[in-house]
Every structure is written in C-alpha cells, then in structure tokens.
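> Just so you know, the sequences run in chain order F and A.
Sequential numbering of the first sequence, starting at 1, is according to my numbering.
Sequential numbering of the second sequence, starting at 1, is according to my numbering.
It is worth saying that the hints were derived from the structure and are not from the lab.
Bear in mind the structure is a predicted one, so any value in this text is a computation, not a measurement.
Using N, Cα and C, we set each Cβ at its ideal position, and we do this for glycine too.
Incorrect hints may have been included.
[Stated by the list, open to error] Quick list of the computed label-pair ranges, beta carbon to beta carbon:
#, chain 1, residue 1, chain 2, residue 2, range
1, F, Arg337, A, Pro262, 34 to 44 Å
2, F, Gln119, A, Arg43, 29 to 39 Å
3, F, Pro256, A, Ser182, 57 to 67 Å
4, A, Val351, F, Cys340, 37 to 47 Å
5, A, Val258, F, Ser67, 52 to 62 Å
6, F, Gly156, A, Ala24, 34 to 44 Å
[Claimed, not checked] The calculated DSSO-like cross-link candidates involving lysine-lysine, where the alpha carbons are at most 27 Å apart (straight line), are:
#, chain 1, residue 1, chain 2, residue 2
7, F, Lys317, F, Lys128
8, A, Lys317, A, Lys128
9, F, Lys271, F, Lys317
10, F, Lys128, A, Lys128
11, F, Lys128, A, Lys72
12, F, Lys72, F, Lys128
13, A, Lys72, A, Lys271
14, A, Lys72, A, Lys128
15, F, Lys271, A, Lys128
Given next are the chains, with one letter for each unit.
Number of protein chains: 2
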Amino acid sequence: MTQQSTGAPVRPAAEAAGTTDVLATLAHFRELVTPALRETVRRLPPEIGATVEFTLGWRDADGSPRSGGSGKGLRPALAMLTAQAVGAAPESAVAGALAVELVHTFSLVHDDIIDGDEQRRHRDTVWKAYGVGTAVLAGDALLALALDALSRAASGDTGAAAMKALSTALVELVNGQAEDVSFELRPWTGPQAVTVAQYTAMAGRKTGSLLGCATGLGALLGGAGPAAVADLTAMGRHLGLAFQAVDDLLGIWGDPSVTGKPVYSDLRQRKKTLPIVSVLAEDTPAARRLVELLAAAPGAPDGPEADGVRSEEDLRKAADLIEEAGGRALAADSAQRHLCRAQSLIHRTAVDGPAAAALAALGEFAVHRTH
Amino acid sequence: MTQQSTGAPVRPAAEAAGTTDVLATLAHFRELVTPALRETVRRLPPEIGATVEFTLGWRDADGSPRSGGSGKGLRPALAMLTAQAVGAAPESAVAGALAVELVHTFSLVHDDIIDGDEQRRHRDTVWKAYGVGTAVLAGDALLALALDALSRAASGDTGAAAMKALSTALVELVNGQAEDVSFELRPWTGPQAVTVAQYTAMAGRKTGSLLGCATGLGALLGGAGPAAVADLTAMGRHLGLAFQAVDDLLGIWGDPSVTGKPVYSDLRQRKKTLPIVSVLAEDTPAARRLVELLAAAPGAPDGPEADGVRSEEDLRKAADLIEEAGGRALAADSAQRHLCRAQSLIHRTAVDGPAAAALAALGEFAVHRTH
Chain F
1 MTQQSTGAPV RPAAEAAGTT DVLATLAHFR ELVTPALRET VRRLPPEIGA
51 TVEFTLGWRD ADGSPRSGGS GKGLRPALAM LTAQAVGAAP ESAVAGALAV
101 ELVHTFSLVH DDIIDGDEQR RHRDTVWKAY GVGTAVLAGD ALLALALDAL
151 SRAASGDTGA AAMKALSTAL VELVNGQAED VSFELRPWTG PQAVTVAQYT
201 AMAGRKTGSL LGCATGLGAL LGGAGPAAVA DLTAMGRHLG LAFQAVDDLL
251 GIWGDPSVTG KPVYSDLRQR KKTLPIVSVL AEDTPAARRL VELLAAAPGA
301 PDGPEADGVR SEEDLRKAAD LIEEAGGRAL AADSAQRHLC RAQSLIHRTA
351 VDGPAAAALA ALGEFAVHRT H
Chain A
1 MTQQSTGAPV RPAAEAAGTT DVLATLAHFR ELVTPALRET VRRLPPEIGA
51 TVEFTLGWRD ADGSPRSGGS GKGLRPALAM LTAQAVGAAP ESAVAGALAV
101 ELVHTFSLVH DDIIDGDEQR RHRDTVWKAY GVGTAVLAGD ALLALALDAL
151 SRAASGDTGA AAMKALSTAL VELVNGQAED VSFELRPWTG PQAVTVAQYT
201 AMAGRKTGSL LGCATGLGAL LGGAGPAAVA DLTAMGRHLG LAFQAVDDLL
251 GIWGDPSVTG KPVYSDLRQR KKTLPIVSVL AEDTPAARRL VELLAAAPGA
301 PDGPEADGVR SEEDLRKAAD LIEEAGGRAL AADSAQRHLC RAQSLIHRTA
351 VDGPAAAALA ALGEFAVHRT H
C-alpha cells in the first residue's frame, strides 16, 4: 500500500525530468575518473588488490572480471562538474574526484562490518566474501590510496588546502558514523531519545561532509577563490542532507528489488532516521500508537539484540503509522528544501551556465532516485 | 636456555648504556606531545572518545581513568628530536609527532582485529574489550585525527609536503601489513617460500615507513631542505628495520612476562620473520631438521588452521634449531647494521650535536629494548 501513496518521493528514476541526460553525465564522468582509479588500484600488492577490485565491482569473489562498476559515481561527477561550474576543465578535479570516491568506498566497506550488513548492491559485502580482517585492511587501503592520490596531485597552498578539506571531511564522516551507530542503542522516546536537531547534525557529518568535500575540492582544484570554495562546499553539504533524507525514505519505503536491501530495513535495525525521529518529536495520536507498537515489539526495551525479531506485519504497521503521522512527507520536504538551497548556491556561484545546469540536474536526480 | 645465549640482543634495558637518559628523553617528549594529543582526542564525540581513550591507555574498559600512557612514545620522540637535530625547536614538530603516534595507534588497533590478537601490553585489545565494529571505528577515528592534526598545523609547500609524506607512509604501512598477513599463508620452503629480500621489503613497508615518516616530518617541520629531509627519512627507515628485526627476535625469544605476548608467539602464528626466513634460505642440516619439524607438526601442511596446535615442546625445539642454524645471530646482526647506518646518517646530517647524540642514543635503546 505504502508504495502507491500520493506524494511518494520514491518515484521511478525514469519519470524524473532529464534522467537520460543525468545518466549520460554520470557515465561521462565515470569514464574520466576510471583510468585514474585503475592506475591507483594497480599500486596495491596482489594480496589486497583482488579484494579492492571486488569492492569496486570490477571482479567477483572468485576473481573473474565483472563489467560495470560498483556505484553511480555521484561524488566524482559532483567534484568534476563543480570544477567546470567555476570555469575550469573537469580534468583539473580528477584527483579530487578519485579521492572522494575512494573515501566513500572505504566508508561503505567499514560500515558494513560495523553494521553487520551482509548484502550491498545485490552482492555479498566485502567482510562476508573475504572475512572481517581482509575487509578492515581493504578499507584501510582504499583510504590510504585516496589520501595518496590527492596529495600527489596538488602542491603548495592548493595542495595543503585540499588535504585539509579531505581530512576535515574524514573526521566528520567517522564521527557521524559513530553517532549513527550510537543512535541505534538509544530509546525511541524520553529525554534520551534522538532529537531532530541531533539527527540533522549526524546526517550532516555522515553524509553531508563527503558530498561537501566533493564539491569543495572541485571548486578548489578548479581554481576558485575562498568564498566560492566555501559556498560550493555548503552546496554539496545541502545535497548530502537531501541525499540522506531520500536514503532514509528508501530505508523504510524503498522497493527491496531496487534498493537491494530487505524491506523496512532501517526499522528492522532500529535506525533513528528522519521520518521516525520527526514523528516521535511530536505528541500526536499516531506517534503514541507508534511508540506503543515499538515498545510492545519482541526484544523491547530497546537494544541491538532486538534486531530482526519483529514480524513483517509489525514493521508494515510501523511504516504506515510513520506515514500517517506525516514522517514521510516531512522527510520528502526536507530533501526538497536542501535541494533548493543547494541549487540556489550553484546558480549564485557558478560562472559556467551549462555546467551549473548539469549540477542542478544531478542534484535533482539524486533526490528523485529509487536506490 | 635460549635466554642465556651469548650475543643475545634481548638483554635487559637497564644494562644498555645511557638507558636512564633515554627514558628521560622519552618522558620529556611524551610531556610535550600529550597536551596536543588530549586536545585532539577531545574533538571526538563521546560515543567513540571513551574507546579511543582506552586505546591510548588513558582509561580502563569500565571507563575509570588510568595513569600512564599506552606506549613508549618512540615515534613522537623521533619526530621532535629530528626537528631539534636540524636546528629547530622540538615544538615545531609537535603536529608531526602527534600524527605519527595516532597513525601508529590506528595500525595497532586494526592489526589486532586482522591478526585476532586478544592481548596487547598486558591488556585486552580494543576489539576484545569493545567488539570488532567499535574497534574498526576507533581505528578509523585515530587515523582521521592524525590527518586532521597534521593538515591544520602546516600550510603552503611545507603543509602539502607533510601530508604527502604521511599519505605515502600510510600506503606503505597498509601494503606491508597485507604482505605480512599473506606471508603467514605461504609455505616454509619451495618456490613459494618467503625470501629474505621479500621479508626485508615487507618490513620496510610495515615498520620502516612510519619511522621514516616520523623523522622525515621532524626534519620537514623543522625547516630542513629536501636533501636533509630525504637523508633523515632514510635514517628513520633504517631505525625501523632495526626495530623490526628486534621485534622478530622478541617474537621468538622474548620473555612473555615482559613482552606481554605468549612465549614463541610468532612461531605459533606461523609468522615468517627474519630469524626463520634467513635460516630456511640456506640448505644447512639445522635448516633441514627445522623443515622436518615444521612439516611434521600437527595441522601441517601449512595453513592458518594450524595455529595454536603445536606443542610447547615443538616450539622450543624449533626456536633452538633456528638459533643453532644462526637465525638469531643473523637477525641481531641485521638490527645492528641498520642501527649503524641510521646513526651515520644522523651524524652526517644533524647540525645540533646534543640532539644528534640523543637521537643516536634513542636508536640504540630501541634496538636493545626487551619489549
């Protein structure tokens, strides 16, 4: 039922305006960054290279080559398009694009260990396929390569500023992930409950930091001045917050055959995401029924040991209550609001019209994606 | 018996010349770096801060404060003493000292997960005390803080060069660790056996890289020119190789009550360390008997599943055979040779005599340590 709701932001990508163009844009930038990515990964010793190639979607666990990559390449495209938007060639930001993609992949590999997730993008996660030790090491290798790639590409003030931007984003990313994990252990209600402000701060760190780093590095490597770099970093952060709100929607109402995650996966994991946190912040009849349902579920009181013990029926009821109480609409609004702010920052700062339009369309696409 | 061998490099620290001075030097530099370290760790959210404080030896697992730190602080002392040796104030290298200590701690936390080690320095390892997920995150946080601390401290060409040095060391460190792990799976003899050259390359990456980075950053932040930075980086690498050779000796013949590791721990784990690799490289009667012993051990043929199934008696015999075949003496010689080369690089490059002498003494101490 929830899949057919009016105002559902999880509409198929093909319905979104200009999707074909955006897919072509993403493919174009993937082509620009892939040679550099392959060259970088080639520097790893064979012991770890195969695992990293599996991680990037280039190989199966048995070592056989696999066509296609692991992801959409949103972050590299954002970095290079931002460089173009400030009037530079997109190639000037290749090292930044490479670095953010590698840091993103590092974070997925380690997060899957931390969260105990066994599947990602319809494949085994790295720890599931290779063991935890190898996955720890593969993540570390990806991060090391990210730093190395960026530090080799830029020297002087630009190089120092680029490394500072990446390091700052990394601290935020790790802190955000730590907060996200700790949120799972906190109660749904009462003084210890996660507030909307705490959620937003966490999402800014966990997701906003690296998207802001992508666009900030694009601007910096594209030669923009400090004010434009700051504005375009803020732009990426807003895109990140929009992106995370959509991720939260997909985590409850996403189609498992498209997302590659179990249905209601975030509810199963007791994730304190925007739709649920915003509902529980208000004392409405639906919120009270939701609290009752969550409190009555097997495994309550709250604790990670409750994972997976809820019935599909209870999860469906919880999702419906969240929607009824307005949590779904509120998260969709939040995504749209952050997208608008990002787009206004793009148009205010960019000097290259077509690149700015492509950036705006990419943001639109990220918010209207289905997976 | 083996503890009393002549020429044993594992003599008590108190017997080494100038030990008291070196301990005072280490304490002095720990005092210089600790405020910056505390300030940095304070930037972590509470969820992860407590784990990181446990990791650094500041707290017990129950959260109660603990006096004393986690380690000797060799790397920070090397960084700051090198800055002094090139004529600068040791304080100029505090950020470098902090960064290498944090990277070192990161690598211990992740290596303990990868190796499945439950004890370090007579305490539970981080994953043992807090779980694997938290330990992965704590390691990531330490690494992020390292990069952040260094990137904030230096700008322009020096900043870019410092971040490049740290990134390069990090790639080497991770690659070295991957090689070390893969060595455990390789056979003792035959074409797939680990050669002395392969061992040395691995040790250079695993241990030499970060010690070279410590001294290199000290020189760089102390304002030395490129030639001196290169020489002092090479100096640190030699110290690292000497240090690793001593670690290998302690891994077989170290006193468990001092090292905090089980007796013969490296033999138990099938670690391909210098004493054993160098013995197996030569076709001597002792080497042949050692191969027979290793092949006859329960769990052979080689594989990680053989861990821990060897009897104490077999391990003792293996250790004796390695010593008889000259592996112990060869590793001690190697440590001494690398120490000499490091010391000659110090005296050739340093402009501050007392600092150079203290650096040389610190190297001497590291090679004559018992844990």
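> Going through the earlier hints one by one, which of them does the structure break, listed in rising order?
Violated hints: 1, 3, 4, 7, 8 and 11; rest satisfied.
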